[in-house]
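2 protein chains.
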Amino acid sequence: MRIVQKYGGTSVGSYDRIRNVANRVKALYDEGNEVAVVVSAMSGMTNKLLGMAKEMSDNPSEREMDVLVSTGEQQSIALLTIALHELGIPAVSVTGRQAGVTTKGSNTRARIQDIDPTYMNKILSEGKVVVAAGFQGLNEEGEIQTLGRGGSDLSAIALAHAVGADLCQILTDVNGVYTSDPRVVKNAQKMDEISYDELLELASVGTKVMQSRSVEFAKKFGVPFEVRSSLNNEPGTLVIEEKPSMESVVIRGVSIERNQARVTVTGIPDEPGWSGKILKALGESEVNIDMIVSNIANDGFARHSFTMNSDDLGRAQAALKTILADLAGGQIETEAGIAKLSCVGIGMRSHSGVAATMFDALGEAGINIGMISTSEIKISVTVEEAEIEKAAQVVHDAFELGA
Amino acid sequence: MRIVQKYGGTSVGSYDRIRNVANRVKALYDEGNEVAVVVSAMSGMTNKLLGMAKEMSDNPSEREMDVLVSTGEQQSIALLTIALHELGIPAVSVTGRQAGVTTKGSNTRARIQDIDPTYMNKILSEGKVVVAAGFQGLNEEGEIQTLGRGGSDLSAIALAHAVGADLCQILTDVNGVYTSDPRVVKNAQKMDEISYDELLELASVGTKVMQSRSVEFAKKFGVPFEVRSSLNNEPGTLVIEEKPSMESVVIRGVSIERNQARVTVTGIPDEPGWSGKILKALGESEVNIDMIVSNIANDGFARHSFTMNSDDLGRAQAALKTILADLAGGQIETEAGIAKLSCVGIGMRSHSGVAATMFDALGEAGINIGMISTSEIKISVTVEEAEIEKAAQVVHDAFELGA
Numbered sequence: 050m051r052i053v054q055k056y057g058g059t060s061v062g063s064y065d066r067i068r069n070v071a072n073r074v075k076a077l078y079d080e081g082n083e084v085a086v087v088v089s090a091m092s093g094m095t096n097k098l099l100g101m102a103k104e105m106s107d108n109p110s111e112r113e114m115d116v117l118v119s120t121g122e123q124q125s126i127a128l129l130t131i132a133l134h135e136l137g138i139p140a141v142s143v144t145g146r147q148a149g150v151t152t153k154g155s156n157t158r159a160r161i162q163d164i165d166p167t168y169m170n171k172i173l174s175e176g177k178v179v180v181a182a183g184f185q186g187l188n189e190e191g192e193i194q195t196l197g198r199g200g201s202d203l204s205a206i207a208l209a210h211a212v213g214a215d216l217c218q219i220l221t222d223v224n225g226v227y228t229s230d231p232r233v234v235k236n237a238q239k240m241d242e243i244s245y246d247e248l249l250e251l252a253s254v255g256t257k258v259m260q261s262r263s264v265e266f267a268k269k270f271g272v273p274f275e276v277r278s279s280l281n282n283e284p285g286t287l288v289i290e291e292k293p294s295m296e297s298v299v300i301r302g303v304s305i306e307r308n309q310a311r312v313t314v315t316g317i318p319d320e321p322g323w324s325g326k327i328l329k330a331l332g333e334s335e336v337n338i339d340m341i342v343s344n345i346a347n348d349g350f351a352r353h354s355f356t357m358n359s360d361d362l363g364r365a366q367a368a369l370k371t372i373l374a375d376l377a378g379g380q381i382e383t384e385a386g387i388a389k390l391s392c393v394g395i396g397m398r399s400h401s402g403v404a405a406t407m408f409d410a411l412g413e414a415g416i417n418i419g420m421i422s423t424s425e426i427k428i429s430v431t432v433e434e435a436e437i438e439k440a441a442q443v444v445h446d447a448f449e450l451g452a
Numbered sequence: 050m051r052i053v054q055k056y057g058g059t060s061v062g063s064y065d066r067i068r069n070v071a072n073r074v075k076a077l078y079d080e081g082n083e084v085a086v087v088v089s090a091m092s093g094m095t096n097k098l099l100g101m102a103k104e105m106s107d108n109p110s111e112r113e114m115d116v117l118v119s120t121g122e123q124q125s126i127a128l129l130t131i132a133l134h135e136l137g138i139p140a141v142s143v144t145g146r147q148a149g150v151t152t153k154g155s156n157t158r159a160r161i162q163d164i165d166p167t168y169m170n171k172i173l174s175e176g177k178v179v180v181a182a183g184f185q186g187l188n189e190e191g192e193i194q195t196l197g198r199g200g201s202d203l204s205a206i207a208l209a210h211a212v213g214a215d216l217c218q219i220l221t222d223v224n225g226v227y228t229s230d231p232r233v234v235k236n237a238q239k240m241d242e243i244s245y246d247e248l249l250e251l252a253s254v255g256t257k258v259m260q261s262r263s264v265e266f267a268k269k270f271g272v273p274f275e276v277r278s279s280l281n282n283e284p285g286t287l288v289i290e291e292k293p294s295m296e297s298v299v300i301r302g303v304s305i306e307r308n309q310a311r312v313t314v315t316g317i318p319d320e321p322g323w324s325g326k327i328l329k330a331l332g333e334s335e336v337n338i339d340m341i342v343s344n345i346a347n348d349g350f351a352r353h354s355f356t357m358n359s360d361d362l363g364r365a366q367a368a369l370k371t372i373l374a375d376l377a378g379g380q381i382e383t384e385a386g387i388a389k390l391s392c393v394g395i396g397m398r399s400h401s402g403v404a405a406t407m408f409d410a411l412g413e414a415g416i417n418i419g420m421i422s423t424s425e426i427k428i429s430v431t432v433e434e435a436e437i438e439k440a441a442q443v444v445h446d447a448f449e450l451g452a
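Protein sequence lines correspond, in order, to chains Y and F.
If you read the first sequence in our numbering, its first letter stands for residue 50, the second for the next number, and so on.
If you read the second sequence in our numbering, its first letter stands for residue 50, the second for the next number, and so on.
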């Protein structure tokens with residue numbers, strides 16, 4: 050098999066951990082696999098480099114930040130390659146440039162445009178391990194660019210696609226994707242597999258296994274990948290194209306997101322245009338709106354409710370006050386201290402009664418539901434933050450995910 | 050003027066020093082010059098990176114060492130560029146690759162094969178400062194290579210040639226090239242100018258202003274350069290093509306080299322081949338031979354004397370014992386604790402009596418001369434190490450270099 054493995058900053062965060070990674074790669078190589086490894090900078094290194102730039106300027110050039118920060122991964126690839134040599138494994142390091150990664154867009158948050166795998170394929174065909182720098186590439190002008198948050202996962206999945214890997218393994222500090230947060234729901238189970246869409250929905254509701262854009266890339270190009278632990282050898286969770294048998298599972302997982310707030314705007318005339326104005330004002334103030342619920346109240350005025358992270362609440366209030374100043378009678382209500390509970394599963398499409406099961410479980414537990422929002426494969430509700438853990442457990446139990 | 054400046058690791062060894070360099074570059078830029086700056090890694094950084102590799106292996110791959118060590122300069126260029134921006138100076142960093150430096154030969158000690166200045170010329174023509182990483186380039190396979198000791202000086206001179214600079218300034222921690230070591234000869238003078246050949250001869254006898262290969266490159270391509278201090282604004286020493294007026298100075302400088310040893314091999318038949326065998330054996334033992342004096346003694350046997358650094362003496366003795374084992378009667382005499390004094394100057398070609406003046410001065414001071422060796426523009430003698438300082442002063446005085 051041709052396998053791409055990705056190890057994050059924590060996994061290469063010390064000399065001993067780098068040696069541990071080298072041993073894991075050796076095991077895979079000794080089984081007869083062709084292996085390419087994508088690594089991040091040693092944990093702490095990126096922050097250290099950012100700190101160096103801050104010594105020079107409060108507002109350093111993003112182009113130069115990329116020149117500086119990309120040295121972190123370059124150091125990791127050299128050290129891991131040397132560690133592999135020490136174990137007798139032939140290995141060759143490649144920077145983002147040598148991996149053939151072309152980027153575009155803004156520095157510090159570039160996108161991958163293309164990957165030319167010629168050099169990596171040459172190394173692999175010589176029976177050597179490729180050790181590639183994640184998170185980086187060159188734009189068409191030959192300038193170094195970094196990919197921003199989650200960039201190394203994206204590098205790994207894109208490289209796996211480029212070299213035609215059979216599998217991409219994302220090695221991390223969790224054992225895989227769980228049916229719910231194991232710190233909250235004690236009998237949460239590690240899933241054997243999950244579809245891209247389900248992971249995307251879970252990611253969008255706070256399950257921070259991976260950045261959405263990496264999963265989206267994998268989905269777009271059909272790259273199967275496995276999320277597994279770098280600390281043990283247990284199988285993780287395979288993230289793959291949806292297949293018919295997956296629909297037999299009604300709900301794949303229950304996700305929670307804390308620290309939410311709700312803003313409700315009332316007294317808005319039920320006329321076209323106001324919703325757009327409000328959302329535009331919030332967007333310009335960099336408020337990330339999550340759920341949106343709108344309807345017409347008994348008084349004939351529109352009533353718009355939004356949820357957002359509590360950290361955004363101040364900015365949202367300020368933005369809305371400005372826009373409502375024009376409108377006598379427009380009012381803002383806010384509620385902090387709420388949380389969101391989501392059920393996700395492609396089985397929802399072919400199974401009826403999912404919402405009823407979820408709401409019944411919450412009702413029996415005496416938990417009041419605030420807002421409700423649904424998509425094709427997700428149902429989200431808000432509850433009091435103090436009740437979120439109990440809510441997660443009873444819903445998890447109701448769908449028998451813990452067995 | 051188009052000027053290339055090179056700052057070494059000490060000059061960019063702290064955030065304050067980087068800011069100091071930025072201010073110096075700004076001053077040059079504000080005068081209307083086109084400026085390209087070549088920088089080394091921050092002092093201590095290269096050793097730190099070497100230390101990281103040693104944590105992984107006692108014998109790390111030289112290819113990977115170059116990947117690792119080259120990150121040092123890449124960090125420097127980003128930091129200096131950010132510091133220049135902070136002063137309002139438009140500046141763009143370039144790695145060895147972006148500077149168009151193609152290398153060849155072995156990793157960790159590569160040679161510069163070619164420089165394509167297109168990108169640097171573009172930046173300069175836009176009125177921006179180029180901040181280039183010294184010490185590094187890419188070989189034809191696109192692999193990162195470093196240039197070894199003195200590599201950043203070489204980068205600067207080669208870049209100055211490539212962009213057609215009017216002048217290359219090597220900024221260092223000395224004020225320029227002196228007529229002798231100022232710690233020994235108190236009235237030693239900073240020279241205004243010196244020819245490439247003279248500096249090469251001084252470099253070869255221990256005046257470690259610059260590595261010979263950088264001077265040789267400058268000579269080959271006629272790149273004028275100035276050695277000057279990064280700590281003040283005084284003019285330094287201009288190193289240029291020899292010109293007729295230079296011959297009016299009989300002796301340019303007096304150089305000393307301590308810690309020398311002499312090995313004399315006696316009882317060798319005066320037959321062809323023996324000198325070659327001896328030198329070959331010493332070379333294979335990595336003994337760096339300096340002076341060689343051979344003649345025939347009264348007994349009809351050849352007598353070969355060599356000088357070398359005292360550190361090489363043990364290896365030389367071991368190598369010679371092996372080769373003399375074949376030869377009954379061949380003997381080795383050794384003498385440590387000697388030093389070498391050299392007078393260098395192209396004026397020597399057109400002035401007679403230089404050796405006489407030198408020997409007279411030493412004789413009058415009661416200093417005994419051991420071996421003598423001459424080239425077209427240099428006379429070297431050995432003396433007892435205890436007498437070298439006195440010897441340097443009297444010879445320096447004899448040629449009136451101190452006035």
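By construction, these hints were calculated from the structure, which means they are not laboratory data.
Careful: at least some of the hints might be erroneous.
One-sided and incomplete, this derived list gives chain Y residues near chain F with beta-carbon spacing under 8 Å [as the list claims (entries may be wrong)]:
#1 99
#2 105
#3 106
#4 113
#5 124
#6 135
#7 136
#8 139
#9 191
#10 404
#11 406
#12 410
Stretch-level coverage of chain Y by chain F, calculated; a stretch enters the list once three of its residues show a Cβ under 8 Å from a Cβ in chain F [said to hold, decoys possible]:
#13 114-120
#14 125-131
Only part of the chain Y face toward chain F is listed, based on derived beta-carbon distances under 8 Å [said to hold, decoys possible]:
#15 64
#16 67
#17 101
#18 104
#19 109
#20 134
#21 137
#22 151
#23 155
#24 157
All C-beta atoms, glycine included, are put in the ideal place defined by N, C-alpha and C.
Taking the hints in turn, this is what the structure says about them:
no.: 1; hint: 99; in the structure: violated, 11 Å
no.: 2; hint: 105; in the structure: holds, 4 Å
no.: 3; hint: 106; in the structure: holds, 5 Å
no.: 4; hint: 113; in the structure: holds, 4 Å
no.: 5; hint: 124; in the structure: holds, 6 Å
no.: 6; hint: 135; in the structure: holds, 5 Å
no.: 7; hint: 136; in the structure: violated, 10 Å
no.: 8; hint: 139; in the structure: violated, 10 Å
no.: 9; hint: 191; in the structure: holds, 6 Å
no.: 10; hint: 404; in the structure: violated, 54 Å
no.: 11; hint: 406; in the structure: violated, 55 Å
no.: 12; hint: 410; in the structure: violated, 53 Å
no.: 13; hint: 114-120; in the structure: holds (count 5)
no.: 14; hint: 125-131; in the structure: holds (count 5)
no.: 15; hint: 64; in the structure: holds, 5 Å
no.: 16; hint: 67; in the structure: holds, 7 Å
no.: 17; hint: 101; in the structure: holds, 6 Å
no.: 18; hint: 104; in the structure: holds, 5 Å
no.: 19; hint: 109; in the structure: holds, 5 Å
no.: 20; hint: 134; in the structure: holds, 6 Å
no.: 21; hint: 137; in the structure: violated, 12 Å
no.: 22; hint: 151; in the structure: violated, 14 Å
no.: 23; hint: 155; in the structure: violated, 17 Å
no.: 24; hint: 157; in the structure: violated, 13 Å
In summary, the numbered hints that this structure violates are 1, 7, 8, 10, 11, 12, 21, 22, 23 and 24.
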